[in-house]
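**Student:** The first sequence finishes on residue 427 if you use the working numbering, and the numbering steps up by one all the way, no holes.
In case anyone wonders, no lab produced these hints; they're calculated from the structure.
Treat the hints with care, as some may be off.
Pair by pair, the computed Cβ-Cβ distance ranges are [as the list claims (entries may be wrong)]:
1) Lys83 x Phe275: 26 to 36 Å
2) Gly29 x Phe136: 31 to 41 Å
3) Gln395 x Asp95: 48 to 58 Å
4) Glu238 x Lys392: 21 to 31 Å
5) Ala282 x Gly385: 35 to 45 Å
6) Leu276 x Asp396: 44 to 54 Å
7) Thr90 x Ser351: 38 to 48 Å
8) Glu116 x Glu312: 18 to 28 Å
9) Gly357 x Thr90: 53 to 63 Å
10) Leu134 x Gly215: 22 to 32 Å
11) Glu285 x Lys379: 20 to 30 Å
Okay, derived cross-link-like pairs now, DSS-like style, lysine-lysine, Cα gap no bigger than 30 Å in a straight line [to be verified]:
12) Lys418 x Lys400
13) Lys213 x Lys152
14) Lys236 x Lys91
Note that the structure is a prediction, hence the values are computed from the model and not measured.
C-beta atoms are modelled at their ideal positions from N, C-alpha and C, and glycine is treated no differently.
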Amino acid sequence: MTILEDLHWRGLLNDCTAEEALVERLAEGPISLYSGFDPTADSLHVGNLVPLIALRRFQNYGHKPIALAGGATGSIGDPSGKKSERQLLTKEVLDHNIESVKTQLASILDFNEAIENTARLVDNATWMAPISFLDFLRDVGKHFTVNSMVAKESVRARMEDRDVGISYTEFSYMLLQGYDFYHLYQSENCELQIGGSDQWGNITIGTELTRKKAGATVYGLTLPLITNADGTKFGKSESGAIWLDPARTSVYRFYQYFINVDDRDVIRYLKYFTFLDQDEIAVLEKQHEENPGARVAHRALAREMTQLIHGEEATDDAIKASQILFGGGLEDISENALREVANEIPNATVSSDTLSGEGLSLLDALVESGLSPSRGQAKKDIQGGGVNVNNKRIQDLQSKLTSPDVHFDKYILLRRGKKNYAALIVE
RNA sequence: GGUAGGAUACUCAAGUGGCCAACGAGGGGAGACUGUAAAUCUCCUGGGGCAACCCUACACAGGUUCGAAUCCUGUUCCUACCA
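Make a model of the complete structure from these sequences and hints.
**Tutor:** Right, here's the structure in full:
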């Protein structure tokens, strides 16, 4: 199977500037390709993952991936898919973002310099910054008519909306990105750019510029926009975007996001995001269809993704934490796993004194921990059988929490309903 | 500006002197069933109390009454019709 066949089977081929020619070129040998990532935040999120993983797919097939951090383009702002003009980022924020994003890019691609096709990381500010405005206008701007630029979807959408409009700055974005491609062709012999389907316009500017200035054919390839079957936006949970940075989205939440993927989406996402091959996914698909309740495919997806981004060890912790929060008792739980859980859920601190003697009334503990808004509600929760202490149901209103309830001298796990947890941390 | 009608809990909406912390629906919470799903079914849905009961609440401020969401007066806001 070739890389393009692989992408095609995965449903990752959205559009290509010249597919047949690219097939021939790829057959001749390894190619350098790139994809750009603008540092609009100090972390990538799962929505950025498709192109990034696609770069890795190419690398796995022996090609040479280049990850481009958009130090220059990011300072302008890509109008593609944006309904309104964006706030420019300050230099400091931009620098910080680039540094953070760089390390994330590095975690997915193989930067091992010992291998032939090691990945590279470049920042377009290094070649954009020195170019003078005049030179840019003469060398790049001259090759494009405003007529064609205005016709691009990203610009047209904004022109049609008279209320928002588009600034000259964002209008120029496509030229910068186009120049990147030309530059990478010249300096790295980079012949292919990949990106999301919203990047089509920007990518074709690059292939055009390279053809006009260097007389060379370079290729563009776009990947589909990921859409959830239920119409919600991929990569967004109730609590916001799913980031790759564990400080923003904990490993546990990251794992859970993929566990909770809609049944209808799970096989598609296995193809989009994982490196599992056709046979492996076919097996998962069969198991999923026969018994969706077992959620084998979901588990595989969540584990693969979490391992890819956060590594083996953190994944194991997330899986264990999930087991505690969605299943069994605490009997065989390790202190590490319990700490993981406690970090994940709201918590309240109680002093060990309150647990000695009489103990702390469960009602007070529920209110204290924020699980129940009032004592009255706490009572109803208990009477309704909705309250668990250390994953054991308690239905006695008079129940007190005492030291034997404390795990590892530190934790008491409270739960209201199916998934509202809180930890009492004893000090 | 005139006339008429209205303002009830998260939302809609019943209630026109005591049986009203207030019918019903939606929403929300809990339980059962399940797959950390969907659907379905049951219960709960102002605060405190084990409870009797107490407090707070039917736009706002007063009043009548043993007793007011309900009657009266004034105020504010909304809606319709007329100017």
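**Student:** Let me make sure I understand: some of the numbered hints might not hold for this structure. Which ones are they, in numerical order?
**Tutor:** The structure breaks only hint 11.
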